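Which chain is which? The protein sequence lines are P and Z, in order. FYI, in my numbering the residues of the first sequence are -6 to 610. FYI, in my numbering the residues of the second sequence are 6 to 348.
Treat the hints with caution; some may be incorrect.
[Stated by the list, open to error] Quick list of in silico lysine-lysine cross-link-like pairs, DSS-like style, CA-CA up to 27 Å:
#1 K334(Z) to K414(P)
#2 K249(P) to K275(P)
#3 K414(P) to K328(Z)
#4 K54(Z) to K344(Z)
#5 K414(P) to K325(Z)
#6 K332(Z) to K275(P)
#7 K588(P) to K494(P)
#8 K249(P) to K344(Z)
The set of hints was computed from the structure by calculation and includes no laboratory data. Since the structure is predicted, the reported quantities are computational estimates derived from the model, not experimental observations.
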Amino acid sequence: MTSKAQKVVELEHVVVRFAGDSGDGMQLTGSLFSDAAAIAGNDFATFPDYPAEIRAPQGTVAGVSGFQIHFGHKEIHTSGDMADVLVAMNPAPLKKNLMWVKPGGTIIVDNDTFIDKQLEKAGYSNNPLEDESLRDYNVIQAPVSTLTKTSVEDLGLDNKMVLKSRNMFALGIMFFIFNRKLSSADEFFEQKFRANPLVVESNKRILRAGYNYAESIEALSSITYKVEPAKLQKGIYRNITGNIATAWGFLAAAEKSGRQLFLGSYPITPASEILQELSKHKSLGVKVLQAEDEIAGIVSTIGASFAGSFAITTTSGPGLSLKSEAIGLAVMTELPIVIVDVQRAGPSTGMPTKSEQSDLMQALYGRNGEAPCIVIAASSSANCFYYAFEASKLAMEHMTPVILLTDGYLANGSEVFKIPKMSDLVEIKPPLAEANDPEYFPYKRDPERLNRKWAVPGTEGLRHRIGGLEKEDIYGHVSHDPENHQIMSEYRYEKVQRVAKYVEPQKVYGPEEGELLVVSWGGTYGVMMEAVQELHKQGKSVSLAHFHYINPLPRNTEEIFSKFKRIIVPELNMGQFVLHLRMHFQKFNFEQYNKVQGLPFMVKELVDKFNQMLEGK
Amino acid sequence: MEKIKTEQLKPTLTKEDFISDQMVKWCPGCGDHAILSAFQKVLPQVGVKKEDVVVVSGIGCSSRFPYYVKSYGFHGIHGRAAALASGIKISNPELMVWMITGDGDSLAIGGNHFIHLLRRNLDINVMLFNNKIYGLTKGQFSPTTPTGHRTKSSPQGTIEHPFNVGELAIGAQGTFFARAVDTNPKMMAEIMLEASRHSGTSLIEIMQNCVIFNDKIHAEFTSRETRDDSQIYLEHGKPMLFGKENDKGIVLRGTRLEVVKLGQDGITIDDILVHDKYQWESGIHVLLATMEPPEYPIAVGVIRSISDFTFDGKMEAIIKEEKEKGKIKCVDDLLNSGKTWEI
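So that you can see chain Z by itself, here it is in the shape it has in the complex (with noise of 0.2 Å):
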């Protein structure tokens, strides 16, 4: 059904569609312009009208996305984009919402909100830009902020523990979490059209690079040298392979993963784990979403899709049951239900 509906709108809807008349004011360089490409080469491909795409946003540099894109926009105020999202999707479940945001808006100011929409698992796509800093305000630490990373309000290295988006996207109850990496364009609009196609919220970190004030943080898996060896994209059904060589592979040891090496003491494909996504299961997605260097690689692609049902599938369900059977069916009903006298 989705896809003759893709089919169909695919050859009236281009790029050009989606961009607006504003100058993109992000910094040259900024990861963002490689998400907002991608983007809008996205949207004609999703298989809704273009007056039916709402892209919402909270504050930060991420946040000025909406007005790159032309559709119908809500540039909200700082953390709150996930109930901006929520109040649009609930009021009209037709509309297909995204919403842009990063790691200070829905991690610190709107840690709330976010996790609320993940519970609720709203049909609402997420896509959460995480460059490791605060850029708009240039340059404090963020909730996602390596510890003992040195910034502008760490000037003796950051004192928290970061938060991973994955493990607290899944420990939120979401159903859908893909990772992504703003230097492949390729990859990151594969993501967001599969998020777009998946019933419930659909969050994507992508790993942006600020390149003003905290450059090359993603640098050790998406630099050309190293990133063989230091990421992995899962893949459905397919085993967890990964390298230059493609030798290296995921395997579970216990209670843990561990990276391994195939021909190495006795390793085959066989021992390798494969990926399922749509394990209902959290565990192994947690531990997927969580590797990072230097003892594994980083995971992308889309680690956690699971089917559930959607507060606004429900909402409009439990309206259409109380239209039919309840009494009162207008406010003169209402009015007059109950106790009444007459003088």
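So that you can see chain P by itself, here it is in the shape it has in the complex (with noise of 0.2 Å):
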């Protein structure tokens, strides 16, 4: 389609930032865009950026919503920090986002929208289109709005209705930028609006007309860009968010133990895409209850277990605080279950749809008595999915309850998933007991791994009763025995720390020894690797060690520590992990790097600190 003489730049990797108001169709422009880089070959990783509000006022601020993707060459490991490109469909969004541009970047707007009423609206006393506002940045001024309609004018459409369809000319831009096929958006047209040609039509006019618009102005017609696709394995892919993998890491753990999957759970924000992802595979014979709180939630996931189901509930902080007293009961009924904290910003109701990493402390000791849980953290959206089968087989081959960790930004975005064949994943053995067996006690361990046996009511031969009150080792009769309590407490405990025997040990990236250990956990894990990688670049010597398993730790963590002069912890808290670490590991000092504002930490500002540390300070 290109007709004149232009250059074609070669990038490593493309940060792009689509933004409007709630009803500009940002979330689609932007997945329409990742489609794109799919078929490029790219590897990717999305971010949406929702209002907290539903519907907050139009054109305000406030009621911006925003879709990232940052695509490569290279390997992706997030949505990345400042965008190459931010498209704003009106003036608020460009107020809103402006920050999170790269100086030089560029800023495509529908200049149609800056309009005084508009303006007033987002809050500008002037502007910025004609002030100095933007002088850093290469700012494209696309009469977005007036072109829309122009380019489909004679199919007797109503206005309001085309104007719906401005995002997609703002699509058709960014694809003649970056040399995108427009058959993956035309394929979308025809299959969702199927019943309505008229619309499928008008949709692909206006893709088309904001490319060739692309390609007649020479501001942007002289550049283009080309993202070459990245060293990928061989392989089928899918673009996956966070919540859906883990949805699906479950299903999977469920098939491979033969396990009916139950989900009780309540809606919470920003965990309740797993709620509704489950809810629609009752093919699968998953049963899911909504439940009537936070506690039932959990009760009801209980009970399920104790009647023979691999049985999961999920939440995010305030919900894991209600749910506190019911995981003390699945430690003191040694049954399986996972308990899942899509983590957000807190205390309290805090920011609901903002990220942090502040439930590491209440998911290890929120609870009454000596009550321990194995903790394990997912590190990435696509990894969501082994996290969750991780989670599940620990908790059914070991018998107790398992909190899994992931957070706001692993949940809502979405990268580029290898999608594996289940006949690859390992095998799950839940210890059931066997009917009429003469030697099943209901507090009877196995030697090794210590757990009981899982005995499912409806099995002849297995009656028993088990509960809250302490329970006589081995018979599992209700104990107020001082010693026998001692025991208990020793096995519980003790059963969760032999779990280290059964994991992968840590690794590290980079070498093995040096300088400088970069020590994080969870969701941090891509930010980290890049800054790390940064820094490579620069020729400098620092290490990874990113931890998905929290408690029981790695057994070959302290070996690790050992090797390094500092070790730094950063984290989105106040400094959580740090101080489990310490406790376990008195003699390294470990200085800490945290940041709670709901945002993630930006690769840049991890090679700034890492350099500083490097340098002695």
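Join the two chains, each given in its own frame, into one complex according to the hints.
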């Protein structure tokens, strides 16, 4: 389609941010742009930025909805720090997102919307397109609204409806700039609007109008960009968000273990998608109870586990608080359940749509009595699948509750996921008691794992009673015997500690010894990795130990720590993992770097921090 | 169908099959002993295998119950029996789930789960022991304690309005509500058996005496001297008569119930209300459930028993249908569904 001589610049990776009003279809635009990146063979990660209010006033900064995609020829670990390109459909999205655009970056605006009323709503006293405020950026003022209307005026559609497709004009511009094929968007229109050929036609035309516009104006057509395909392994891929990956990991675990999946859950941001996703898959036999509250969510889960289902509950921070007492019940009854905490910024209601890592202490210690749980954390949207599967395996094979920590960024963000084959996943073998086993006692333990057997109601010859009162060793009768309580407390502790024998040892990225070790956990993996890779590029010696197993910690943890001069623990909290590490490894000096803004770390700030440390500061 | 099953199983199971090896630790004279005994007598008749019976409870004196019944049992945490029972029943609808709870467990700390269990109409049998006091914590008032009643935590008398269990349950869409007294084992057993056969949440409120902290709270309608005139046993299809001479009855005057005497003011048997526990409209059932001495006798027996769909029944039906018509048959199908691309 290009006729003029143009310069094609190759880029390693690019960050694009689409921003508009809630009703401007930015999530759809972003997702169609992601599809095109997938077809081009790029690696990518995305993150949606929704307003906290469902229908915040149009045109205001509060109502801005955004979608960021980071795609590249190189391996992509995060949805990106600052944007190379911002598409702003109105003044408010520009106002809100300008701080996230790289100096010198490109900003594409619909200048038809930069009129007094809209500017005022957005809180601008001057038109930013007319003053000097954008002089550090490459601003493309496109009459998006006008050209959208003109492109389909002969179709006889009503104006309001046509303007809803403004986002497709913007998408067309972006497709031109990044040399994308239009076919994936076309397919989407044909599928989505198959009942209405006129709408298909109108969207196709508007998309092309944007594409052709970009080609025709000097500012855009002189340079286009090319991002070569990433070097991904051969295989089938898909795009997946953390919440969907989590839901699917549990479905996979249920299938592997041969157990029916049960979910008891109460809706809460940002965990609700797991509940919604599992509710869809009744054809796989999953039973979902949308409970009356968080407590019923987990207690029904414990009931289902007692009855032989593989049972899970999903929540976010405040919900985890409400579930505390019941987690203790699962510890006491030694039943397998998984509790997913999709962490958000707290305390209390906090900032529900923002992300943080501040529930770690609650997950580890937030219960009455000595109530140890396995705590593990996923580190990317795609690996939520594997850590949900792992949490399930540990819960069932060790007969104990497992808390799986993810967070709002992993949950809502998406990335490229190489689809596994079920036959390649490891087996899950829960210790089911056999009917009429004369050796069965409710609290008789396996000598290696120290787990008890799972005796499911309905099985002949295994009738027994359990509950929250302390149980007599082996026989499981209620016991207030002092020595028995000591023995049982130690068993419950030791059972969890022994899990370390059954999990992967901790890995180190970079040199195995040296000046500086970065220690992180959970959802910050991507940004830590990019920062450390950046430092490697600069020729610096720095290593990364990113933890997934929090309790118990991997057995080689101390050995790793002992090989570095300095250890820094960056976290999106006031320093929770670092406290956990200080408690377990008192001989090391752990330095900390903390951020509690409801925002992720930026690669740049980490690189700066680590560089300072390497310079001896 | 049910009857045949019951008769076939009858000779094989006895009360002894359901007595656990644990020492019963309720206070001597506690109403719970009689309830336990009636329950253990009923279980062989309910028509399920002994392995399919699950007894679940929350916290409180009543909630020790599962330890004394030889079955699968789960002694939960305070207030949460309904949620535990729900998870068990949804997980495996073949199980017959009995939930044992009290006025504190289900009407205070567990009030939310209790009303939602009734609303969902899960096929679970609930026995709520109402002694109008907190026994296990030694004598504080409960949500059913009468206004003005002096207890350890209400030395000047309570300043709260008590719940009426039947009114609350019917208001929460309960499909089965019965009331029994712990002094009448035969009636308790009959009601338990009927509850076990009801499809949906069957709630039995058992007026149970706490001999230590609230002794004789139900005496007005349970003592031999006064009970005939202050208790009415409702039987489906029969006129609502009570009294020593069986000459008192219940009539509907305008929008309220009234107690009348046969032969007085021209009242005949034809004026007396006939009990219809299957009536869909709940108005009369609520009026009956809320009758209290001294104006009225307290109603015992099955007050309401209507037929409606159950959560567990619908859940099984939906899963069956989705398994048949759904395109995703296994997780491999799911993983490869929707938009994918090959590299």
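Please write out, lowest number first, the hints stated earlier that are contradicted by the structure. 4 and 7
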